[in-house]
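Let chain A serve as the given structure and place chain B on it in line with the hints.
Protein chains: 2
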Amino acid sequence: MASGQGAVVTAAVLIIGDEILSGRTQDTNLRDIARYLGVHGVDVSEVRIVPDVIEEIAGALNQLRAKYDYVVTTGGIGPTHDDITADAVAAAFGVELYEDPGIIAEMQGKWEVTPARRRMARIPAGGGLVRNPVQGPPGFTIGNVFVLAGVPSIMRGMLQDVGHRLKGGAVTLSRTVRVAGSGEGVIAAPLETVAKAHPTMSLGSYPFFAPGCFGSNLVLRSRDAAELEATVRELIAALKAAGITDVAEVAEEA
Amino acid sequence: MASGQGAVVTAAVLIIGDEILSGRTQDTNLRDIARYLGVHGVDVSEVRIVPDVIEEIAGALNQLRAKYDYVVTTGGIGPTHDDITADAVAAAFGVELYEDPGIIAEMQGKWEVTPARRRMARIPAGGGLVRNPVQGPPGFTIGNVFVLAGVPSIMRGMLQDVGHRLKGGAVTLSRTVRVAGSGEGVIAAPLETVAKAHPTMSLGSYPFFAPGCFGSNLVLRSRDAAELEATVRELIAALKAAGITDVAEVAEEA
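Line by line, the protein sequences are chains A and B.
When we follow numbering that gives the first Met the number 0, the leftmost residue of the first sequence carries the number 0, and every step to the right adds one.
When we follow numbering that gives the first Met the number 0, the leftmost residue of the second sequence carries the number 0, and every step to the right adds one.
The following block holds chain A by itself, in its conformation from the complex (with noise of 0.2 Å):
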């Protein structure tokens, strides 16, 4: 496991739920962890959908924390019966669930302290907790692993108590270059030949169709300002010598 400035560290993200692989619901918390991580220097480099089943979670869950620096889960942490990740964590760590009676004790200044909403304030032995700045009980934490709602809101709010635990390492830069009027098959040889003398970088094309207008995004990306920076240039003169003319860098989306 690498880190420190400079390494590149890693992360998988685990999205838990029957709802996210039906297709009944759109999962938008990857997009969201991931500019978070890539912010704090932490690149996810896989992401696993799994149903609501503990064998399911753990299995992946015990396959994904030997392979990267951190792994972060969404969804199963509430109270209903199909909400198992906490059950599911403990069987992957092979340690017992305990009843955290900080969370008891704040959940009975707010509501009846249900049999259900009691499952919510079981944590895996050795685990701590993750702050839940919107509403609810809080998520938790055990060795590389960050446990945290599905809910957008409320995982975007414990999300905010993940980034300084986090020991990461350079931030991987990025930026975008705009081809319009030409499409890949006329970009792709002088990006190849980019990209071939820069191997420590990444180059990417992802074309685009929109009525009237076509082309692609040429997205580089490094850890090294200096060379991104000088890739770009280099991105540009090799398209327009290639007489590909409609070329611009263009501001990364928010």
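Because identical chains share one entry, a pair is satisfied inside a single copy or across any pair of copies.
EDC-like cross-link-like pairs, simulated, lysine to aspartate or glutamate; straight-line CA separation at most 20 Å:
hint	residue 1	residue 2
1	Lys66	Glu55
2	Lys195	Asp86
3	Lys239	Glu111
4	Lys195	Asp223
5	Lys66	Glu54
6	Lys109	Glu98
What the hints contain is simulated information worked out from the structure, not anything from laboratory work.
The model shown is predicted, which means the values in this text are computed figures rather than measured ones.
Chain B alone, transformed into the frame defined by chain A:
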């Protein structure tokens, strides 16, 4: 691998691309694929998102195609150097890529056949084509794997040539009961009672929070229409018996 009416037929979706992992692009293909396969009696049971790295793609593909009846991949079949899905699929199956003369012939009628565009005619030996009614060259299929484009409009077009090749099982039906004004902490007990009485059914609770309104969508899923109907009625009765009054079945989202 199960198949035939009544059996459970499963699929995995393998999404290929750094731009999804970085949070730059919001994936929407999963939702379209899951709904399309669902109508054809195939349940998406796992999703992985991997970077543009041949070994990662091939490794994930070999795990998924062994575990599930079908695998659908999206992304990485364009003409640029970062489009390496065909190479990865060939590596996973241990076969060579060949250049399909039909694809080249079709290209020649439309574009200059550059070396980059020629890359898109490479098909793993033993594979067949997946028609592309939108634009550009076809996708392909090999074994139980369908390899589709990443651009959503093109992916959806290619998907129309997938359904008739699937041996689907019984279609999973779903119904939604919406509870407003009661949180999951209150809903959980009656929901669990009903869930335990119907162990072969899937009952999930998906809370929502909006200004002035909160509650949960309770989604019931089954391959048995009669049991599904009976369980919807039983769940509504159980919620009302628990003092929860704002309960109604709502139409599934389109």
